[in-house]
Amino acid sequence: MRYALQRFTQFLIVFFLVTFGVMVFMRIGLNKPGDPARTMLGGTVSQDLIDTTTRRFHLDSNYLVQYWYWLKGMLTLDFGYSNPNNLNVTTYLKPRVLTTVFLGLYSIFFALLVAVPVAVYQAYKRDRPFDKLSSFATFFFISVPAVVLAPLLKYIFIDWLAWFPRLSSKVYPWDNPMLHIKNFFVPVLVLTIPLAATWIRLLRADMVQTLQSDFITLASAKGVPPSRVLWGHALRNSVFSLVTSVGFQLGGLVGGALIVEAYFNMKGMGSLLVVAILSSDLFTVQSVSAILVACVVLVNLGVDLSYALIDPRIRHARALS
Amino acid sequence: MTNVIQAANRDVNGPLLELTDVKTHFRTRRGLVRAVDGVSLTLERGKALGIVGESGSGKTILSRSIMGLLPTKGTERHGSIRFEQQEIGNLGRKQMRHIWGKEMAMIFQDPMTSLNPLMKIGKQIAEPLRIHLGMDKATAWATAERLLQDVRIPEGARRLHQYPHELSGGMRQRVMIAIAMACGPTMLFADEPTTALDVTVQAQILDLLNDQRKDRNMSLILVTHDLGVVAGHTDEIAVMYGGKLVEKAPTRALFADMKMPYTEALMQSIPKIDDPSHTRLMAIGGRPPDLVNPPQGCRFAPRCLYTRDKCLTEEPPLVATDNPEHTYACWYPVGSPEYHESKARLSETPVTIGRLD
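For the record, the sequence lines run as chains U and B.
Counting along the first sequence from 1, when you hit position 11 you're at 11 in full-length UniProt numbering, and nothing is skipped either side.
Counting along the second sequence from 1, when you hit position 75 you're at 75 in full-length UniProt numbering, and nothing is skipped either side.
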């Protein structure tokens, strides 16, 4: 309990520090630091509008006050106003967030779906042809950067095989599941392949080590069938690095998808952030980074909790502290 | 004490285990490692056999060879292993799996690393029961609780729901024994079962093993480097050196009349209670033989205090003493005229003897 409280306090501190930092640095970095409203609105605008905007977002008060009002807005899901998009940030942020979340969750899900069985089987058939071949393949795919993989897979699946439509606009699964899948297939594949390759290597190494443990020999000596030795005894003892890496990946979802978003012209959070920073779109930058920080910190919290879920020793050590 | 599962009534004629010229060789980059090199022995039902030797003598590999627990890759197995009158030496892991845990079970050296740290004790004991005897979960856990009683762990019901890290080393070794006993095996291997334990706990664990063996009419192979461990807990002792059996005798006969200088040296490396304090222990000089290129002749000859020319060129066969159950492999055994002659010569030049006062 004390542990959970401690973690939650940590979460809040990190969140406040980072979001406040982003706000301050965005304002310091402006072309005309003294006049955020004018920069934000851009171009030629009436003094009247500037005054209204300044008053509305308290842009003339000190940073702490501004931060306080922004935070209050966040709590009521009012993320502020974005001039380049001429929209309330909340309205146009939603589809962007969803696109990135779909990309990230799909790729992580499929990467795990592939990585776990392959790594387990590799470790089981260690140094046999399957292991050697797939070890080479994973090494290869880790080395191929996304900028190479993206055009390659686009060429194969979209241009040559023509299995998938040429990048239609965003479709939600609840609107048209089939089209949604077709739309996301290639971009997700680009993200999945290097992820899966990394995780296969990670998990295989840990599995190989676990399989040499005495308790694995004991499990065999009890007559436990190999599949249960692998899945019931060895895997759970080998997932710690994998869980950590999946956590990192979940947290860094947006940055990782940037190239893919840009290449496949998918409007996600990564591309949004880049454009927003370049056009001094204050509230968009603040909102997107707030979401990112929240993601990273929450996922880390989740990773920490899952350690305890997996390992009773960690659970007990924490209960004592 | 009531036991959970009585060993099924079997054909009680003939020995339980019969090894004929068992060899286990490993292919390595350096060459063929002859870890076990031609071991023959028999074990009767309900008897305890101690296999003694230093590290690298092949004792652990021998026990794992019998169980078929070695990796298949790079391992060559020769000779015949008959268990319950059935050849098992050529069986693969797939077939052995039905024997493992059910007919044959093994207790490992280190109870700290031999239990799955992420699995409740109860589940680990219940696992073989469910697999081999097809028990449902409730029955298996109830049986597990009674097994904990058998191995004298109090508060079994609570312990079942604990994880290995919540138990002491001695407790964990008891759990290991409970797991091994679960399906009522006829043959138990204990590989250095007490080496990792506190001295105070060692005797308890050995006594427990012995009681269980007698209660269940189970055969036991106790693998150890410590003659002291096997002395009170076995019927027979086999001494291994360099992958070979060098002496085998009923326990009492061995201690009364050991023939092999290696056995004698092992004996002398144990501190004796009536020695004055600070008496230097006799150590065996040198190192165990390289099993890729074992020495010609007797494998112990390079380290033996009584070596003669013949020892270095001709390998001594296993021969019996007056007692047909007592066999040894030595040209000039303890007690022979040559042995006494060498010993007399050695005592004139005390520097060469290990004992320095």
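A portion of the hints provided could be inaccurate.
Said to hold, decoys possible - Simulated restraints on C-beta separations: (1) B:S336 to U:G232: 52 to 60 Å; (2) B:E166 to U:Y92: 24 to 32 Å; (3) U:R236 to B:N323: 52 to 60 Å; (4) B:P71 to U:R236: 33 to 41 Å; (5) B:E76 to U:S241: 32 to 40 Å; (6) U:K132 to B:G38: 48 to 56 Å; (7) B:Q204 to U:F16: 17 to 25 Å; (8) B:G169 to U:S241: 22 to 30 Å.
Stated by the list, open to error - Derived pair list, reagent style EDC-like, types lysine to aspartate or glutamate, alpha-carbon separation capped at 20 Å: (9) B:K73 to U:D78; (10) B:K73 to U:D214; (11) B:K47 to B:E338.
Hints listed in this document are in silico derivations from the structure and should not be mistaken for laboratory results.
Idealized CB from N, CA, C, for every residue including glycine.
Comparing the hints with the structure gives:
1. B:S336 to U:G232: 52 to 60 Å: Taking Cβ atoms as reference, B:S336 and U:G232 lie about 57 Å apart, which means the hint holds.
2. B:E166 to U:Y92: 24 to 32 Å: Violated - the Cβ-Cβ distance for B:E166 and U:Y92, about 54 Å, lies outside 24 to 32 Å.
3. U:R236 to B:N323: 52 to 60 Å: holds, 53 Å
4. B:P71 to U:R236: 33 to 41 Å: violated, 23 Å
5. B:E76 to U:S241: 32 to 40 Å: holds, 36 Å
6. U:K132 to B:G38: 48 to 56 Å: violated, 35 Å
7. B:Q204 to U:F16: 17 to 25 Å: violated, 58 Å
8. B:G169 to U:S241: 22 to 30 Å: holds, 28 Å
9. B:K73 to U:D78: violated, 64 Å
10. B:K73 to U:D214: Distance of about 19 Å is within 20 Å: holds.
11. B:K47 to B:E338: violated, 35 Å
Checked against the numbered hints given earlier, the structure breaks hints 2, 4, 6, 7, 9 and 11 and satisfies all the rest.
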